[in-house]
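Given the structure of chain A, go ahead and fit chain B onto it with the hints provided.
Chains as they are written, first to last, in numbering that gives the first Met the number 0: chain A, 0 to 191; chain B, 0 to 191.
Just so you know, these hints were derived from the structure itself, not from any lab.
Please read all numbers here as calculations on a predicted model, not as lab measurements.
Among the hints, a few may not be true.
The list cannot tell twin chains apart, which means a pair is met if one copy fits it or any two copies do.
Subject to a maximum C-alpha distance of 25 Å in a straight line, what follows is the list of computed DSS-like cross-link-like pairs (lysine-lysine) [stated by the list, open to error]:
hint, residue 1, residue 2
1, K157, K26
2, K87, K101
3, K157, K7
4, K7, K111
5, K7, K101
6, K87, K7
7, K2, K157
8, K26, K63
9, K1, K63
2 protein chains.
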Amino acid sequence: MKKSLGNKTLLYPTPVCVIGTYDSSGKPNVMTAAWVGICCSSPPCIAVSLRKATYTYGNIMSRKAFSVCLPSENYARHADYFGMVSGKDVDKFAASGLTPLKSELVDAPLVKEFPIAIECRLHSFLEIGLHTEFIGEILDVKADESCLGADGLPEIEKVLPILFSPEGRRYNGVGRFIGRAFSLGRELRKDA
Amino acid sequence: MKKSLGNKTLLYPTPVCVIGTYDSSGKPNVMTAAWVGICCSSPPCIAVSLRKATYTYGNIMSRKAFSVCLPSENYARHADYFGMVSGKDVDKFAASGLTPLKSELVDAPLVKEFPIAIECRLHSFLEIGLHTEFIGEILDVKADESCLGADGLPEIEKVLPILFSPEGRRYNGVGRFIGRAFSLGRELRKDA
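Isolated chain A, as found in the complex (with noise of 0.2 Å):
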């Protein structure tokens, strides 16, 4: 029997992203958002939920475009300050001592220190409640050659990306390897 918890947003896991923009001025700003999921393979898509009431928000609004960092596990403590202030009154990378770098795709900085980085123009934007959910075109990933296996992709247990849980408000890092998509449910197969 299943205890009923709800109408609650509770998805495990959700990831940590940073979120990179300009504003009005030209300041690089970042924000910590975990409502994130790739939402389309061609073209490539990620959705990014933020609240209006967010400096991001505004942003994106006027910029067309943002970048998707992932901190790793060594930035915890950054990332969790970034969703903690708003850019409206600080310089969070001044504060933090991160380094923006400019994109030479969309107008928006990444995080020099963050193995991965997600440039994305912007495709378009559904306003569902509280939050809006701003949907990034994926232009190109850029990624730390220390994060990266033999076969030139990033590898999860090199990048160590962290686990954000709702509710709960609880970080976690990355586990053990369990196995192979598309070979683990083989067995299962009876026409394989």
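Just chain B, lined up with the frame of chain A:
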């Protein structure tokens, strides 16, 4: 210097979600999706992106409902299998030995053996490209008692959800506790 990887759908982590629906004959079906994320807090909504070619696509369109069930890592091979074959050809519940539970709230089945099930009524959908994004309003979350902590909320270390690495096609488990959100970053606040 970061390396350009091209316009790939790389995000770490993405969740392994099993989408439950009924077909036109009332047969329960499940398919695995990783292009999933929370997209609004109020109303609580979750976005699930699927290809039009999937059996689930038609089921959601006609039933206006779906569940998002989270397998624990013990069920990684079942979740992988659910992403390998189509409900057009196979009764995946029967083939896998797992048990469909009828939701009392929405016209969709839940997976009894999985610790968490999110019951969704179709809120809206958006054709993006290869994928259509279905936005589900979360009407309730059902959880096994065994995955709840002292505060009555799920604990990720008890849920043991699966992480999917896009492109690399790997599954990982949840790792160590890093820290509390809205807390770790306090030391960087000058005004704290």
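(message) Which constraints among the numbered hints does this structure fail? Numbers only, ascending.
(response) Hint check: 1, 6 fail, others pass.
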